[in-house]
Amino acid sequence: KFRDGSWRLCDIITGDETWIHHRQIHHKSTNKTWIGEGESPRTIVRRRKFERKNLFSIFFKSNGPVLIHALDNDETIDHEYYIENCLKPVVKEIRKQRKSNGTKGIKLLHGNASPHRHSDVINYLTQEGINIIPHPPYSPDLAPWDYWLNDYIKQ
1 KFRDGSWRLC
11 DIITGDETWI
21 HHRQIHHKST
31 NKTWIGEGES
41 PRTIVRRRKF
51 ERKNLFSIFF
61 KSNGPVLIHA
71 LDNDETIDHE
81 YYIENCLKPV
91 VKEIRKQRKS
101 NGTKGIKLLH
111 GNASPHRHSD
121 VINYLTQEGI
131 NIIPHPPYSP
141 DLAPWDYWLN
151 DYIKQ
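Residue numbering for the sequence shown follows UniProt numbering, beginning at 1 and increasing consecutively.
Hints may contain errors.
[Unchecked claim] No more than 20 Å apart at the CA atoms, straight line, and that leaves these computed lysine to aspartate or glutamate pairs for EDC-like: (1) Lys53 to Glu17; (2) Lys88 to Glu39; (3) Lys96 to Asp11; (4) Lys107 to Glu93; (5) Lys92 to Glu39; (6) Lys107 to Glu75; (7) Lys99 to Glu80; (8) Lys88 to Glu37; (9) Lys107 to Asp11; (10) Lys104 to Glu17; (11) Lys107 to Glu37; (12) Lys96 to Glu80; (13) Lys53 to Glu39; (14) Lys92 to Glu37; (15) Lys53 to Asp72; (16) Lys99 to Asp11; (17) Lys99 to Asp72; (18) Lys96 to Glu75; (19) Lys104 to Glu75; (20) Lys107 to Glu17; (21) Lys96 to Asp78; (22) Lys53 to Glu37; (23) Lys92 to Glu51.
Source of the hints: derived by calculation from the structure; they are not laboratory data. Being a predicted model, the structure only gives us computed values, none of them experimental.
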């Protein structure tokens with residue numbers, strides 16, 4: 001669809017949720033190091049089980065972020081929360097960025113979680129004229145979120 005020009009990369013929005021800890025610790029691979037004979041290994045910092053963290057819902061497209069939404073500590077995402085606090089602000093931002101076209105031609109690639117697949121979410125997106133791209137089987141090269149953005153944000 002990209003080759004025949006019916007889809008444009010700038011019309012695709014991708015979004016997902018991620019936990020971001022208040023105290024960031026590097027990946028396990030960054031703790032690897034060579035040590036000389038008689039040297040002590042570096043101390044490995046580990047995250048405690050109940051460290052503070054926040055859930056962020058982030059939507060972006062090829063030219064930058066569309067929405068970054070932080071949930072309060074006691075909130076969870078269900079389909080109603082997802083529509084009111086994530087999708088409606090995304091639609092509002094799209095209309096602001098694309099005054100002449102609005103949501104026409106927009107495609108959304110979002111996670112496979114149950115709030116994303118709920119019939120009310122699908123109906124809302126359909127009413128707004130947004131096409132849902134079916135979530136592919138796990139493949140990091142098809143999911144930009146998993147491929148690079150998630151690690152980049154957490155640095």
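Here's how the hints hold up against the structure:
no., hint, verdict
1, Lys53 to Glu17, "holds, 13 Å"
2, Lys88 to Glu39, "violated, 57 Å"
3, Lys96 to Asp11, "holds, 14 Å"
4, Lys107 to Glu93, "holds, 14 Å"
5, Lys92 to Glu39, "violated, 58 Å"
6, Lys107 to Glu75, "violated, 27 Å"
7, Lys99 to Glu80, "violated, 27 Å"
8, Lys88 to Glu37, "violated, 60 Å"
9, Lys107 to Asp11, "holds, 6 Å"
10, Lys104 to Glu17, "violated, 25 Å"
11, Lys107 to Glu37, "violated, 57 Å"
12, Lys96 to Glu80, "violated, 23 Å"
13, Lys53 to Glu39, "violated, 35 Å"
14, Lys92 to Glu37, "violated, 61 Å"
15, Lys53 to Asp72, "holds, 10 Å"
16, Lys99 to Asp11, "holds, 14 Å"
17, Lys99 to Asp72, "violated, 32 Å"
18, Lys96 to Glu75, "violated, 28 Å"
19, Lys104 to Glu75, "violated, 32 Å"
20, Lys107 to Glu17, "holds, 18 Å"
21, Lys96 to Asp78, "violated, 26 Å"
22, Lys53 to Glu37, "violated, 39 Å"
23, Lys92 to Glu51, "violated, 34 Å"
In summary, the structure is inconsistent with hints 2, 5, 6, 7, 8, 10, 11, 12, 13, 14, 17, 18, 19, 21, 22, 23 from the numbered list given earlier, while agreeing with the others.
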